[in-house]
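Quick mapping for you: the protein sequence lines, in order, are chains A and B.
Under numbering that gives the first Met the number 0, the first sequence is numbered contiguously, ending at residue 446.
Under numbering that gives the first Met the number 0, the second sequence is numbered contiguously, ending at residue 345.
Hints listed in this document are in silico derivations from the structure and should not be mistaken for laboratory results.
You can trust all of the hints, since none of them are fake.
Quick look at which bits of chain B chain A covers, simulated, 3 or more residues with Cβ under 8 Å:
#	segment
1	41-48
2	81-89
3	94-100
4	170-184
5	202-211
Listed next, the in silico DMTMM-like pairs over lysine to aspartate or glutamate satisfying Cα-Cα at most 20 Å (straight line):
#	chain 1	residue 1	chain 2	residue 2
6	B	K35	A	D156
7	A	K407	B	D54
8	B	K226	B	D324
9	B	K84	A	D236
10	B	K302	B	D79
11	B	K192	A	D84
12	B	K213	A	E77
13	A	K407	B	D324
14	A	K407	B	D181
15	B	K35	A	D232
16	B	K35	B	D79
17	A	K407	B	E312
18	A	K133	A	E439
19	B	K58	A	D236
20	B	K82	A	D236
21	B	K82	A	D232
22	B	K58	A	D232
23	B	K213	A	D84
24	B	K80	A	D232
25	B	K58	A	D105
26	A	K407	B	E55
27	B	K82	A	D105
28	B	K96	B	D120
29	B	K272	B	E256
30	B	K35	B	D77
31	B	K326	B	E222
32	B	K288	B	D237
33	B	K80	A	D236
34	B	K192	B	E145
35	B	K84	A	D232
Residues of chain A clear of chain B, computed beta-carbon distances all greater than 12 Å:
#	residue
36	V22
37	F60
38	L181
39	L207
40	F225
For each residue, glycine too, the CB sits at the ideal point set by N, CA and C.
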Amino acid sequence: MDSQATPKTELLNFIPSPSRPPVVITHGFTGWLKKHLFGGFWNTLLTIAVFTLLYLLLKPFLEWSLVKAVWTASSRRECLSISPDGACWAAVIRWSNNLIYGRYPDPLQWRINLGIGIGIIWLLPLALKKIKHKIVIGLMAVVFYPFLASYLFLGGDRGRLHYVIASVALAYLFMLYMNIILIYLGKKQTGQYFESLIERFVPRRADLLGHLTFLLILSVLIAFIFRDFSLQDVSTDVWGGLFLTIIISGFSIVMALPIGILLALGRRSQMPVVRWFSIATIELVRSVPMITVLFMSVTMMPLFFPNTMDLNKLAQVIIAVCIFAGAYMAETVRGGLQAIPKGQFDAAKSIGLGYWYTMAFIILPQALRAMIPNIVTSFISLFKDTTLVSIIGLFDLMLMARNISIDKNWFGLHTEPLVAISVLFFIFCYTMSQYSQRLERHLTKGR
Amino acid sequence: MKKMNRILLIAVMAVCGLFFSLAQVNAESTLDIAKKRGFLNCIIGNSFVGFYTVDESGKWSGMDIDICRSVAAAVFGDKDKVKFKSVQWAQSFTSIKSGAGDMLSKGMTWTLSRDTSQGLDFLDTYFYDGQGFMVQKDLGIKSALELKGATVCVLTGTSSELNLTDFNRTNKLNIKPVVFDDASVRNAAFFNKNCDAITNDRSGLAAARSSAAKPSDYVVLPETISKEALSFAVRQNDSAWANVVKWTFAALLEAEELGITSQNIDNVRKNTKNPVIKRFLGLEGNLHKGLGLNADWAYQVIKQVGNYAQVYERNLGPNTPLALDRKGSLNELWTRGGLLYSKSFR
Numbered sequence: 000m001d002s003q004a005t006p007k008t009e010l011l012n013f014i015p016s017p018s019r020p021p022v023v024i025t026h027g028f029t030g031w032l033k034k035h036l037f038g039g040f041w042n043t044l045l046t047i048a049v050f051t052l053l054y055l056l057l058k059p060f061l062e063w064s065l066v067k068a069v070w071t072a073s074s075r076r077e078c079l080s081i082s083p084d085g086a087c088w089a090a091v092i093r094w095s096n097n098l099i100y101g102r103y104p105d106p107l108q109w110r111i112n113l114g115i116g117i118g119i120i121w122l123l124p125l126a127l128k129k130i131k132h133k134i135v136i137g138l139m140a141v142v143f144y145p146f147l148a149s150y151l152f153l154g155g156d157r158g159r160l161h162y163v164i165a166s167v168a169l170a171y172l173f174m175l176y177m178n179i180i181l182i183y184l185g186k187k188q189t190g191q192y193f194e195s196l197i198e199r200f201v202p203r204r205a206d207l208l209g210h211l212t213f214l215l216i217l218s219v220l221i222a223f224i225f226r227d228f229s230l231q232d233v234s235t236d237v238w239g240g241l242f243l244t245i246i247i248s249g250f251s252i253v254m255a256l257p258i259g260i261l262l263a264l265g266r267r268s269q270m271p272v273v274r275w276f277s278i279a280t281i282e283l284v285r286s287v288p289m290i291t292v293l294f295m296s297v298t299m300m301p302l303f304f305p306n307t308m309d310l311n312k313l314a315q316v317i318i319a320v321c322i323f324a325g326a327y328m329a330e331t332v333r334g335g336l337q338a339i340p341k342g343q344f345d346a347a348k349s350i351g352l353g354y355w356y357t358m359a360f361i362i363l364p365q366a367l368r369a370m371i372p373n374i375v376t377s378f379i380s381l382f383k384d385t386t387l388v389s390i391i392g393l394f395d396l397m398l399m400a401r402n403i404s405i406d407k408n409w410f411g412l413h414t415e416p417l418v419a420i421s422v423l424f425f426i427f428c429y430t431m432s433q434y435s436q437r438l439e440r441h442l443t444k445g446r
Numbered sequence: 000m001k002k003m004n005r006i007l008l009i010a011v012m013a014v015c016g017l018f019f020s021l022a023q024v025n026a027e028s029t030l031d032i033a034k035k036r037g038f039l040n041c042i043i044g045n046s047f048v049g050f051y052t053v054d055e056s057g058k059w060s061g062m063d064i065d066i067c068r069s070v071a072a073a074v075f076g077d078k079d080k081v082k083f084k085s086v087q088w089a090q091s092f093t094s095i096k097s098g099a100g101d102m103l104s105k106g107m108t109w110t111l112s113r114d115t116s117q118g119l120d121f122l123d124t125y126f127y128d129g130q131g132f133m134v135q136k137d138l139g140i141k142s143a144l145e146l147k148g149a150t151v152c153v154l155t156g157t158s159s160e161l162n163l164t165d166f167n168r169t170n171k172l173n174i175k176p177v178v179f180d181d182a183s184v185r186n187a188a189f190f191n192k193n194c195d196a197i198t199n200d201r202s203g204l205a206a207a208r209s210s211a212a213k214p215s216d217y218v219v220l221p222e223t224i225s226k227e228a229l230s231f232a233v234r235q236n237d238s239a240w241a242n243v244v245k246w247t248f249a250a251l252l253e254a255e256e257l258g259i260t261s262q263n264i265d266n267v268r269k270n271t272k273n274p275v276i277k278r279f280l281g282l283e284g285n286l287h288k289g290l291g292l293n294a295d296w297a298y299q300v301i302k303q304v305g306n307y308a309q310v311y312e313r314n315l316g317p318n319t320p321l322a323l324d325r326k327g328s329l330n331e332l333w334t335r336g337g338l339l340y341s342k343s344f345r
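Isolated chain A, as found in the complex (with noise of 0.2 Å):
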């Protein structure tokens, strides 16, 4: 361009530019479907090849499940008059109070959902935004929560200390609740009202002492408020179903990463009696099957023990499975060890922090980021492991599930209930890998 303007002298001719090849869309419904689906002719005959035999296969399963099936019927012989190829359907239904509480009583199943209900309420805070102290709230869970939740389970007399704990783990609950209300309100947390009260005696710490004694106070009153409250016994041999097998393997998952990270921290220990007992843990209980530990425990204990004594299966077999999921845990955490770089270790060496403060704040948050994926999926597996139990006398789902073909009016019906609880198997074990990946991102995030 010339840097005088030139003179203009002449009106401009317009020329339209060319016009544009259309566009080609790419978003939206039919755009992904030509990008993704029908891009090219080999595209093509691939997609409809793969749709053809996805409706080869899966015609005959709808027909089966949801088309030809009977939703309502009394027996077995009634679905079959209706509809002679269908999923019957009315079995599971007819069962799925067994399938999902076992055979705890009907009137008291209240409990179980108030047990569960209540741990759901414990971590949902968990997801909050503005809660903090997290670790506090689910450690708290860990160690409160189950004598809560078997205190409402078990029912009848379980001692004086079991009341007490329970009764903590309540006010522990409603602490916590308040606590969150006032924090959305913008207003001081229950413990710090105690503090300027507090400090006048102890100089140090005198939140988590302000914490602690209004949680204190919280226990005395909740216990004195139910000092009369009785529950009917229920033995643990009519537990079963879904609430068997979330107790069992709920247990051994939150068991099973404790124990894994103490076995896998023994077995890089320098004190040789630590390591040797670790390892031969370890090593011992990988090399055998799951079912061979478990018929161990349920064969093999009671005769070491004099006869009077009468062992909760139960109690055995959540033994057993902690120690068969510690044992797998233990190798993926030392994976997860195995991955941090020495100079890790040099430097909390260097800041002069001791062994179980290098673990505690340097090491294992690291490795346990890193291992996530496997350690989810030791639980994933270790949750449908535990249908294992089934086979020693337990009645959990797996059992329940088979027991309907063997059920008076059902007989003969085995099917159904299988696939009935594979997908509820999936649904807890998607779930689960959901969670975990959600977990990753949010911890990977900012790194």
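Could you slot chain B onto chain A? The hints should help.
The following block gives chain B in isolation, referenced to the frame of chain A:
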């Protein structure tokens, strides 16, 4: 160093020995232990149609369940004071030996080896069964001896499997067994024509047949190739307890023989002049003293559980999946040509 090791070894063995001896010390009779505990521990299996299953309401029901309930009724006067412990096959023996169970009633066949080498005392047989075969009707087979080269579905680890092998060997049939560990899966395989025949106790065959979509498509062959006396057992060398269990079952048979049912028992008790019945119901004499039970123990058993015929009807009779005809079978009273015979209540 070697000496150290030996001392250590001896110490470990001593500790183990101590544990075992603790487990073996059982001076007290199970009867007293159970009375002190307040309920009965009964060993059953996971599930066995007609004998022990969980029903829709979550309660145990079946023949073995009723046997255990009747013992509870005799000892505690309450048929519900019993805890059922369902155990795997391998655990059956240890759970009795360890004292985890007071009695075992899980459809177990009374055999010499089990009676002599497993620490059990078998007491009486409550159901006589035998192994048979069931085939697809359209095969046109009339006898088990025609099963030459057939594939036969069988449950693994059971005596059925061993009997099948024996039968195969003696008759040189070249049968190909296909093993399963779950009865409903085995049945499904049979109904889908994956095997020509299934073999099981005849009661099990009847159950399998009734679970088919069209039961008339299948026939049970006439041969019975084994003796299966389903019996209950208690720990070895505990006569006081064995007496209680044995005579409770005898009471079920005696009541049927005397024509006493759970419905008419109150009436009979009020009006009877028959000294045999009076003795049986504890109105006269003191038969109960020898057993260490209450005078009305037999009354409680029949009132709460019913007599043998009622128990049979409820669990194995025509209105159940097994629909086993009692008439003409071995499970009739001796007066009608069966094998069930109660010893004298005197």
